[in-house]
Amino acid sequence: EAQVTQNPRYLITVTGKKLTVTCSQNMNHEYMSWYRQDPGLGLRQIYYSMNVEVTDKGDVPEGYKVSRKEKRNFPLILESPSPNQTSLYFCASGTYNEQFFGPGTRLTVL
Amino acid sequence: QKEVEQNSGPLSVPEGAIASLNCTYSDRGSQSFFWYRQYSGKSPELIMFIYSNGDKEDGRFTAQLNKASQYVSLLIRDSQPSDSATYLCAAGYNFNKFYFGSGTKLNVKP
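Heads up: the protein sequence lines correspond to chains A and B, in order.
For what it's worth, the working numbering labels the leading residue of the first sequence as 1, then goes sequentially.
For what it's worth, the working numbering labels the leading residue of the second sequence as 111, then goes sequentially.
For the record, the hints were derived by calculation from the structure and aren't laboratory data.
Nothing here was measured: the structure is a model prediction, and the numbers come from that model.
Treat the hints loosely; a few may be bogus.
[As the list claims (entries may be wrong)] Lysine to any residue pairs mimicking SDA-like chemistry, simulated, CA-CA at most 20 Å apart:
id, chain 1, residue 1, chain 2, residue 2
1, B, K152, A, P39
2, A, K18, A, G104
3, B, K112, A, D38
4, A, K65, A, A2
5, B, K207, A, G94
6, B, K152, A, K18
7, B, K112, A, Y96
8, A, K71, A, E98
9, A, K17, A, L110
10, B, K152, A, K65
All chains, full assembly: derive it from the sequences and hints.
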């Protein structure tokens, strides 16, 4: 089944404790992207990657890091999470006509 | 700042009616436009994309783009209760950056 998977789906952590949210796709897409979704603000793009080893900032990259060492994986790293990073995070992969979104990761930073 | 604006709703329509969803965008450099549907607690899924001025039809859905007015709309004909969801409008730049509106909640009443 063609899909984008994210792990974990839910995470509660404390300020400053480094965490990684994994994202993997099995559709051989070159393009992958991370978004956060907050009430009233919609989806905002954090980082995107056009291909392996090629990443660039989206609209809200502060406090986040990404890496793209393999085509299928695009992890999101929060080196020192803060409460304002509490949000619902979506990973997506696709083409310029369509993005396929993962199931989401709900992160709470205390 | 590139912005995509949508009325948050809720927009309520009776079953079988036409639902009209609207979206405006701020940057004339936007090249591609998308409508995604998001059910509560789920991830967004693509309904349609449109690049050129005019109408694009796919089944019960019609997307309309007016670049002069910086306006995108989605018409849903013969609305069904299963169409009840939040509809996200997005504008794309250079096929790698995407800006989403905060969504319009649609309720289709049986």
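Structure-based check of all given hints:
1. About 14 Å separates the Cα atoms of K152 of chain B and P39 of chain A, which keeps this hinted pair within 20 Å; it holds.
2. A C-alpha spacing of about 19 Å is found between K18 of chain A and G104 of chain A, which places the hinted pair at or below 20 Å, so the restraint holds.
3. In summary, the hint linking K112 of chain B to D38 of chain A is supported, as the alpha carbons are separated by about 17 Å, within the 20 Å threshold.
4. Between K65 of chain A and A2 of chain A the alpha-carbon distance is near 26 Å, which puts this suggested pair outside the 20 Å criterion.
5. For the suggested pair K207 of chain B and G94 of chain A, the alpha carbons sit about 13 Å apart, so the restraint of at most 20 Å is met.
6. As the CA atoms of K152 of chain B and K18 of chain A are separated by approximately 27 Å, the hinted pair breaks the 20 Å bound.
7. At roughly 19 Å between alpha-carbon atoms, K112 of chain B and Y96 of chain A fall within 20 Å of each other, so this suggested pair holds.
8. For a cut-off of 20 Å, the pair hint linking K71 of chain A to E98 of chain A stands: about 18 Å separates their Cα positions.
9. Under the criterion of a C-alpha separation no larger than 20 Å, the hint pairing K17 of chain A with L110 of chain A is consistent with the structure, at around 10 Å.
10. With a C-alpha separation of about 25 Å, the suggested pair K152 of chain B and K65 of chain A falls outside the 20 Å cut-off, and the hint is violated.
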